[in-house]
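Participant: Each chain is listed here by its residues.
There are 2 protein chains.
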Amino acid sequence: MGWGAAVSLLRAGIQTAGCDVVEETLERFSEAGGRPAVTPAEAARDADVVFVFVVNAQQAQAVLFGGRGAVSAAPLGAVFVLCTTIPPAEAVRIAADLVAAGMAVIDAPVSGGAAKAGSGELTIIASGAAKAFDKAAPALEAVSTKVFRLGEAPGVGSKIKMINQLLAGVHIAAMAEAMVLATREGLDLQTVYDVICDSAGGSWMFENRGRQVVEGDYTPFSAVDIFVKDLGIVSQTAADADLPLSQAALALFTQASAQGLGREADAAVAKILADRAGVKLP
Amino acid sequence: MGWGAAVSLLRAGIQTAGCDVVEETLERFSEAGGRPAVTPAEAARDADVVFVFVVNAQQAQAVLFGGRGAVSAAPLGAVFVLCTTIPPAEAVRIAADLVAAGMAVIDAPVSGGAAKAGSGELTIIASGAAKAFDKAAPALEAVSTKVFRLGEAPGVGSKIKMINQLLAGVHIAAMAEAMVLATREGLDLQTVYDVICDSAGGSWMFENRGRQVVEGDYTPFSAVDIFVKDLGIVSQTAADADLPLSQAALALFTQASAQGLGREADAAVAKILADRAGVKLP
Numbered sequence: 103m104g105w106g107a108a109v110s111l112l113r114a115g116i117q118t119a120g121c122d123v124v125e126e127t128l129e130r131f132s133e134a135g136g137r138p139a140v141t142p143a144e145a146a147r148d149a150d151v152v153f154v155f156v157v158n159a160q161q162a163q164a165v166l167f168g169g170r171g172a173v174s175a176a177p178l179g180a181v182f183v184l185c186t187t188i189p190p191a192e193a194v195r196i197a198a199d200l201v202a203a204g205m206a207v208i209d210a211p212v213s214g215g216a217a218k219a220g221s222g223e224l225t226i227i228a229s230g231a232a233k234a235f236d237k238a239a240p241a242l243e244a245v246s247t248k249v250f251r252l253g254e255a256p257g258v259g260s261k262i263k264m265i266n267q268l269l270a271g272v273h274i275a276a277m278a279e280a281m282v283l284a285t286r287e288g289l290d291l292q293t294v295y296d297v298i299c300d301s302a303g304g305s306w307m308f309e310n311r312g313r314q315v316v317e318g319d320y321t322p323f324s325a326v327d328i329f330v331k332d333l334g335i336v337s338q339t340a341a342d343a344d345l346p347l348s349q350a351a352l353a354l355f356t357q358a359s360a361q362g363l364g365r366e367a368d369a370a371v372a373k374i375l376a377d378r379a380g381v382k383l384p
Numbered sequence: 103m104g105w106g107a108a109v110s111l112l113r114a115g116i117q118t119a120g121c122d123v124v125e126e127t128l129e130r131f132s133e134a135g136g137r138p139a140v141t142p143a144e145a146a147r148d149a150d151v152v153f154v155f156v157v158n159a160q161q162a163q164a165v166l167f168g169g170r171g172a173v174s175a176a177p178l179g180a181v182f183v184l185c186t187t188i189p190p191a192e193a194v195r196i197a198a199d200l201v202a203a204g205m206a207v208i209d210a211p212v213s214g215g216a217a218k219a220g221s222g223e224l225t226i227i228a229s230g231a232a233k234a235f236d237k238a239a240p241a242l243e244a245v246s247t248k249v250f251r252l253g254e255a256p257g258v259g260s261k262i263k264m265i266n267q268l269l270a271g272v273h274i275a276a277m278a279e280a281m282v283l284a285t286r287e288g289l290d291l292q293t294v295y296d297v298i299c300d301s302a303g304g305s306w307m308f309e310n311r312g313r314q315v316v317e318g319d320y321t322p323f324s325a326v327d328i329f330v331k332d333l334g335i336v337s338q339t340a341a342d343a344d345l346p347l348s349q350a351a352l353a354l355f356t357q358a359s360a361q362g363l364g365r366e367a368d369a370a371v372a373k374i375l376a377d378r379a380g381v382k383l384p
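Protein sequence lines, in the order shown, are assigned to chains B and W. Per the numbering used here, the first sequence starts with residue 103, numbered consecutively. Per the numbering used here, the second sequence starts with residue 103, numbered consecutively.
There could be a bad hint or two in this list.
Which copy is meant is left open, because identical chains are indistinguishable; a pair holds if it fits in one copy or across any two.
Once the Cα atoms are required to be at most 35 Å apart in a straight line, the calculated DSBU-like pairs of lysine-lysine come out as [as the list claims (entries may be wrong)]:
#: 1; residue 1: K331; residue 2: K237
#: 2; residue 1: K331; residue 2: K248
#: 3; residue 1: K233; residue 2: K331
#: 4; residue 1: K248; residue 2: K382
#: 5; residue 1: K237; residue 2: K248
#: 6; residue 1: K373; residue 2: K248
#: 7; residue 1: K233; residue 2: K373
#: 8; residue 1: K248; residue 2: K233
#: 9; residue 1: K331; residue 2: K382
#: 10; residue 1: K373; residue 2: K331
Please keep in mind that the hints were generated in silico from the structure rather than gathered at the bench. Since this is a predicted model, take the numbers as computed values, not measurements.
Just chain B, with the same shape it has in the complex (with noise of 0.2 Å):
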């Protein structure tokens, strides 16, 4: 994604640094037009804006904090946005870390995928000070088709971003169980979907997964893992608050993940369930 946003800023004639960590990545950014960078500091250097995205929040905390981190390098008031679903309480210790080193910081997690990023084509669901959103605003317009602005407090944007990710992450698993109840029944499964997709059983998920399951292709558009992690958030945020189809959807990625299947698309956990019923999905 980070990759995606980096092309869809050039795109946009927005001079562009990219650090990542692997060195062919570095070269094509530079074929494509971009400044390439070794290291975090070096990509912030002299930056307005910083988008970060990494994998979790132990990653943005290193390359923002740690040894040759962004902070390190880039100027005051530079507008960091961070991209990264993370736990709200680590949004919002992040962004008073940033705001006390002289930063300004967008609480921005996506939505949309490296496809949408690299057409310039993601969601933002973002939270953060009015001038943050003007200052970075040509970089959020070069990235993104939708800004959700939910107010300044850092996290706002972190906590609808976990809440979306729990119906995603339940309605994916309720897609598998549907699919595999409805091949254990002989049922044509595009047959299935077709009436689905056009009936109250519905959702964004079903529509967009189920139609994995029925042509079995399991391309990762979005992996087991992520759900293993946006699940996890969930699951560690609610504490003690009994969220019990979350914390059986978890269940399921976590046990798909164990089987191998972390890097297969999030639909894969359908074939934890086939298995457990006794049924072949296409």
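Given chain B's structure and the hints, the job is docking chain W onto it.
Facilitator: Just chain W now, kept in the frame of chain B:
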């Protein structure tokens, strides 16, 4: 829903008899231009098409084959349109008994609720013989805007309705979890609603029932007890196939019913989760 379908038939100029256990309903039906019938047999006399709108398989069995049941009086070749959500195995058995009695059958569970029935806008998920569909066509058209024709085999309609109810029930429970966690995190529920409806976490049920939670309005368009029944059908049919989300949702609806919420809107499962989490919904 039976009332709604009956007045939709009248509005289409189709002579309609109606049977209900509530005498007042029969009086209203007479005033609306229908022919009131005190028994199913009386309603089915001379009928070309017989709609069955009851609550469960036991009631369907009774109104069809019990004393003064419809089958005893219906002419040979009458088309029975079975609109109740019942276990697919029951639909198959009842259809076989109807065929053995010289009747035609459409396995035709519906969705849309009483309101859509009254406006002639039901969705019908149907399987049955082509000749039965032909004969029932004007009546089906009067009560619905969409008929999914899913082949000849009875049971297919009921199976796909069951799959739809699995998803619908799980999605309602997931919506409830999302709203409870959002409340616990201090988020504005209207904002959450607006963002999710436009994101990958969206579902038909989130959009429809989430609004009820945001507004604190639990008017029962469809009640908790409907999902106790329909997820019970899923559980019974799935037998030894492990469907953990459906089971978790069924447990929530069952607990809500046990706590006296059975006749409230199905979205009232959110109250159970809110209690457990110690938060107060609107």
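Participant: Hints first: check each against the structure and report whether it holds.
Facilitator: Hint check results:
1. K331 / K237: Classified as within; 31 Å inside a copy, 55 Å across copies.
2. K331 / K248: within (25 Å within a copy, 41 Å between copies)
3. K233 / K331: within (32 Å within a copy, 54 Å between copies)
4. K248 / K382: between (40 Å within a copy, 32 Å between copies)
5. K237 / K248: This pair counts as within: shortest intra-copy Cα distance 17 Å, inter-copy 50 Å.
6. K373 / K248: both (34 Å within a copy, 33 Å between copies)
7. K233 / K373: Cα proximity of K233 and K373: none, with 48 Å in one copy and 40 Å across.
8. K248 / K233: Cα proximity of K248 and K233: one copy only (18 Å, versus 51 Å across).
9. K331 / K382: Both ways: K331 and K382 sit 28 Å apart in one copy and 28 Å across, limit 35 Å.
10. K373 / K331: both (19 Å within a copy, 28 Å between copies)
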